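Student: At position 442 of the sequence shown the residue is numbered 442 (the UniProt record's numbering), and the sequence of numbers has no breaks.
Honestly, the hints are just simulated from the structure, not real lab data. All figures in this text were calculated on a predicted structure; none of them were measured in a lab. Please note that a few of the clues may not be correct.
[Stated by the list, open to error] Restraint ranges, calculated between C-beta atoms of paired labels, are given here:
| hint | residue 1 | residue 2 | range |
| --- | --- | --- | --- |
| 1 | E374 | P514 | 21 to 31 Å |
| 2 | F226 | A400 | 50 to 60 Å |
| 3 | L549 | E588 | 30 to 40 Å |
| 4 | Q154 | F226 | 23 to 33 Å |
| 5 | E374 | E588 | 27 to 37 Å |
| 6 | A317 | A157 | 31 to 41 Å |
[As the list claims (entries may be wrong)] DSSO-like mimics (lysine-lysine), calculated; alpha carbons at most 30 Å apart, straight line:
| hint | residue 1 | residue 2 |
| --- | --- | --- |
| 7 | K516 | K533 |
| 8 | K464 | K522 |
| 9 | K522 | K141 |
| 10 | K572 | K610 |
| 11 | K267 | K320 |
| 12 | K533 | K522 |
| 13 | K572 | K516 |
| 14 | K572 | K441 |
| 15 | K464 | K516 |
| 16 | K277 | K330 |
Glycine included, each C-beta is placed from N, C-alpha and C at the ideal position.
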Amino acid sequence: MKLPQTLARSAGRAPLLIVDMWLIPVLLWCAFALRSGTLPPDLTDDRKWLLLFSVVASVVPFIRLGLYRAVTRYIGQEAAFVIIQGVTTAALLLFGLAWLFQLEADPAVFIIFWAIVLIYVGGSRFAIRAYYRHRAARRAKAVGIYGAGDAGRQLAAAINSGNQCHVRAFFDDDPSLDGVIIDGTPVFNTHDIQHVVQQRGLHEIFLALPSASRHQRQQALRRVEFLPVRIRTVPHLGELVVGLARVDELRDIDLEDLLERAPVEAKMALLTSSANKKNVMVTGAGGTIGSELCRKIIDLNPVRVVLYEMSEYALYAIEKELREANKYAKTTIAIHPVLSSVRDSQRVAAVMAEYGIDLVFHAAAYKHVPMLEENIAEGVLNNVIGTWNVAEAAVAAQAATFVLVSTDKAVRPTNLMGATKRMSELVVQAIQERERQGESKTDLCIVRFGNVLGSSGSVVPHFKEQIRRGGPITVTHPEVIRYFMTVPEAAQLVLQASAMSRGGDVFLLDMGAPVKIHDLAKKMIHLMGFIEKTDNNQSGDIAIEFTGLRPGEKLYEELLVDSEAYATEHPKIMRAQEGGVAWNEIEEPLHDLWRAADENRIEEVIEILKACVPEYTPGEGVCSQCSAEQEYTGGLDRSFAAGNGIE
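Whole structure, please, built from the sequences with the hints as guidance.
Tutor: This is the structure:
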């Protein structure tokens, strides 16, 4: 079907060729007139032949140089060189034909002809381009570019070559650029941005700051976040340099930019020592944290990476990605996908023994609070029993380090997810204490962090989807606050913790000040180009509705069970000083919990959790699944709560 399209394009450009064939002899006639100073000029036979030859001498090089193949409305400044080359070739060719056929002609005529044709060809092409651009600009969406450097100029050229958007303004902090015109577009100081947005009717602003520091990007975002426009950005400089992205690949604002703090930088010495030349296993390898861990590990020169995952598609996706990264980096790291559940203790142990695992990252867990409030037994079996299985397998395989990925919801939990994670922490600490009495070579530690921006089920993707659907955004309570970290920060914390572990540690990340979810929702509304709809502004676009705290949800989260935390080799990573429990105190309740969950005896499950995690206060949703109140007493030492580190 390409032939009809080609013919259509050729037909569209034929009028320009016909006009050139008619006008070029006229322009040569004008050159004769200008040189002789008479009008009309005297047309001798030699001059008539030159008028005929001028068509061939001009059109042939124009065709050869592609002047009729170029889409006139899209030609750029580089076309000026081609036009000069074509007109110069035409004048020289015409002069050569005159000499070859011994036609009488003043050499000055050819110089005049060259100048006139250059003005005509260049002027006509760029005039057509200007007409189409003006017509497209009237219909296109008006946009502005924040940043008038090389990236901003390249982006403007890419945008203006299309029909969807037209750049009406540049904004830049550099005072020397104020008032400068770039390709017909004025540059304004960033202090005037609100006035210019209104005056020029801008619908979007693109941040063209690929090499800007985090502080500079935050400063730019503060200037634009409450403007009634959508904000998008070009990729970062690193992606542009290695060819992973183009400058015109516009994206929504990075999740990291929503955090008003500097990102926590990794210490390369800790990262390198964590996985270098080791056999590494990641459970939950297809999840948000697990997959990011795998991406980071593959860059740290391990011998092999075992991907342990129960979701077939998630396992396929991360394996495919890592194999492609392996191929691109020309490395020979062994990658082993294992499709199984951490609830299968025999399978977990067999895999670790088979591959001689040195380092285990246990990221497999159910983490969605409302979901686990409705699926209590499954939450316990996966989160608690699964952790027990993986930790015991790591000890049996004599792995050097086992790292449990935990959460701030484990601290004084009010929901089942938090209670299962706290119970998992206690199990890991108890196994560590037990193994210290023997000759175990395994250090077991815990990494506890807050909400991860962009992870599955987190508020940011949820809010984005609600905004795209036209709202409203649903927030449970106006005073809910959370600690946030990015996915790369979370993965780096886990890796660095494994390098610092001495056994039984609980590591925490300094995540700065907590973020109010209500403020995060408002910021996302504005950054995506909408106006919040409130009681005082009913003409707004997106409303925020408060739905009430969900079962088991707290207004705020904590990171410490006890109040003390100590510095580590990394200035932003702390080591908590928390009491643990003895294995003989938790072993029997753990077996009882396993049996109760496996037999779906929900009342007993809750009572065992309450006994083991005394600060756990189940919500109404959980209590409603219990047909009768009963107290768990079997095998649990009454000193357990005190030994738990809970006052």
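Student: For which of the previously enumerated hints does the structure constitute a violation, in increasing order of number?
Tutor: 10
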